[in-house]
Amino acid sequence: MTHIIQPGAIDCDIHPNVPNVAALLPYMEDHWREQVIVRGIDELASIAYPANSPLTCRSDWRPADGSQPASSLAQVRAQALDPFATSIAIANCLYGVQLLFSEDMAAAYARAVNKWMAAEWLDREPRLRASIIVAAQNPELAVDEIERCAGDKRFVQVLLLVSGDQPLGKRQMWPIYAAAQRHGLAVGIHAGSSYHNPPTSVGWPSYYTEDYVSQAQAFQSQLTSLICEGVFNKFPDLKVVFLESGFTWVPAHLWRLTKFWRGLRMEIPWVDRAPADIVRSNVRFSLQPVDGPPDRDSLLRIFDHLQSDELILFSTDYPHWQFDGNAAIPDGLPAELVRKMTHDNPRATYPRLLETVA
Amino acid sequence: MSRHVVAAASEIAPGERKLVSVRGRPIAIFNLDGEFYGMLNRCPHQGGPMCEGKITGLVTAPEPGKYDYSHAGAIVRCPWHGWEFNIRTGQSYCEPERFKTRTYPVEVADGAAVVEGPYVAERIAVSVEERYLVVDL
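Protein chains in written order, with the numbering used here: chain R, 24 to 381; chain P, 271 to 407.
Misleading hints may appear alongside valid ones.
Said to hold, decoys possible - Simulated pairs of lysine-lysine, BS3-like, Cα-Cα distance not exceeding 27 Å:
1) Lys336(P) / Lys257(R)
2) Lys193(R) / Lys257(R)
3) Lys282(R) / Lys336(P)
4) Lys336(P) / Lys193(R)
5) Lys282(R) / Lys370(P)
6) Lys370(P) / Lys193(R)
Claimed, not checked - Sample of chain P residues at the chain R side, in silico, Cβ under 10 Å:
7) Ser280
8) Ser291
9) Leu328
10) Pro332
11) Pro334
12) Arg368
13) Val390
Claimed, not checked - Counterexamples of contact, computed for chain P against chain R with all Cβ distances above 10 Å:
14) Ala277
15) Gly304
16) Ala331
17) Glu399
It should be emphasised that the hints constitute simulated quantities derived from the structure, not laboratory data. Glycine included, C-beta positions come from ideal geometry on N, C-alpha and C.
Let the hints inform the model, and build the full structure from the sequences given.
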């Protein structure tokens, strides 16, 4: 049996794609537009989602003409919004911005993507909201972009990749969190890497499978970093959303972190609550991809271990292939839990949704 | 309940501790600047011997990167897993509402009074010139 999602669900992670670099040119400043043309930059894609990988786009969602998946509003409406009776979907555009070593060029691309998102998507589809893409390579430039976009309440989040140049709890990153908290924006941390460091903590892997599965370890490291560095002590109102992170690892990781915190508290004395308490007040996780527990009871046990029904936010992860048909919600979850994931938890996590949704 | 003479006060110098046994119960006696405190020698976590723990101060933080140091010499860390306890109160510092260790008041009595009794001093030879540590149990 597949859950019938009640109408009005809020999908917290979909991925409209930039169709090609040319689509961004109208939104680039003169110098950068000329640089893109003169240098012959015809693509800025990350290898995080190889074009023909089944994960990158579900087969029945691939355009017949071979064009970039999820790159037109018609596709997104027909494939991501209408089938799930979605009232709101948050667009997290994954592009190569974070991979660039030129901070100025990265910031220029980030501005272009955000302007393109506002004009080509948000202006045309009232069900869409979006994340602000930033060049996290340079937090000062990232804050500039947050400030530029923050007045537009359709931007509900600042998007970072889970693997960038350094652990995200580091104080160099704090201006980004300060700006997000100031403007009521969540900080979304999405699977993916700038590939400035190996995507696993033990070095460069050989296979895509290793890269993708290791995202969960990167999320564990970032969760630990954010808590241990005291981000949530400094920014108590900040909501951090782990996107495409999986969540079955969360309970066990928190057991481990709490255990070592109890013996090493004096090293991080600002951490004055158990890590699990901090997660429950400040951190959320998107639903898809659901790791593959063997049966319904195993999945329910994970929710028991999470000790809260407020942590998981509904997501389809469209167009990534995480489920078939409309089975975005795993079988057998209690209706009340589903209701919280699809409706209540997103509203509680993204205060800006309340400002733009009647 | 009876009063047990557990040691001569001179046996435990300031900053030092000594393991004693009262009615079969292992108790760590700490000397904090001339005041004596007793703590059950079993960490509430997994039973580690508190008497063998490192003695430290307490660091707290009003915000990340700000370190407030207090309670110098008044915290003992369990030697097994590093949990911290306030020697005076038994309070822990990770989840104080969940974890506390048992403490015992330690009284200092003059030898003359101890000689008169009523005290239990099975293994302590008492002299009127000394002062003694007494635990009620």
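Hint check results:
Straight-line distance between C-alpha atoms of Lys336(P) and Lys257(R) comes to about 11 Å, which keeps the hinted pair within the 27 Å bound. Under the criterion of a C-alpha separation no larger than 27 Å, the hint pairing Lys193(R) with Lys257(R) is consistent with the structure, at around 12 Å. Between Lys282(R) and Lys336(P) the CA atoms are separated by roughly 24 Å; this keeps the pair inside 27 Å, and the hint holds. Straight-line distance between C-alpha atoms of Lys336(P) and Lys193(R) comes to about 15 Å, which keeps the hinted pair within the 27 Å bound.
Distance restraint check for Lys282(R) and Lys370(P): the Cα-Cα separation of roughly 16 Å lies within the 27 Å cut-off, and the hinted pair is therefore satisfied. A threshold of 27 Å between alpha carbons decides the hint, and for Lys370(P) with Lys193(R) the separation of about 33 Å lies outside it, so the pair is violated. Look at Ser280(P): its Cβ only gets to about 32 Å from chain R, farther than 10 Å, so that hint breaks. Interface hint status for Ser291(P): violated, as the beta-carbon distance to the closest one in chain R is roughly 27 Å, over 10 Å.
Below 10 Å, beta-carbon pairs count as interface contacts, and Leu328(P) has one with chain R at about 8 Å; its hint therefore holds. Look at Pro332(P): its Cβ gets to within about 8 Å of chain R, closer than 10 Å, so that hint holds up. The beta carbon of Pro334(P) comes within 3 Å of a beta carbon in chain R, closer than 10 Å, and the hint placing it at the interface holds. Among the interface hints, the one on Arg368(P) holds; its C-beta lies about 9 Å from the nearest C-beta in chain R, closer than the 10 Å criterion.
Because the smallest distance between the Cβ of Val390(P) and any Cβ of chain R comes to about 37 Å, over 10 Å, the interface hint for this residue is violated. Distance to chain R confirms Ala277(P) as a non-interface residue, since its nearest Cβ pair spans about 30 Å, more than 10 Å. Once the 10 Å rule is applied to beta carbons, Gly304(P) is consistent with being away from chain R; the minimum gap is 26 Å. Some Cβ of chain R comes within 10 Å of the Cβ of Ala331(P); the nearest lies about 4 Å off, and the non-interface call is violated.
Taking the minimum C-beta to C-beta distance to chain R, about 42 Å, the non-interface status of Glu399(P) holds against the 10 Å cut.
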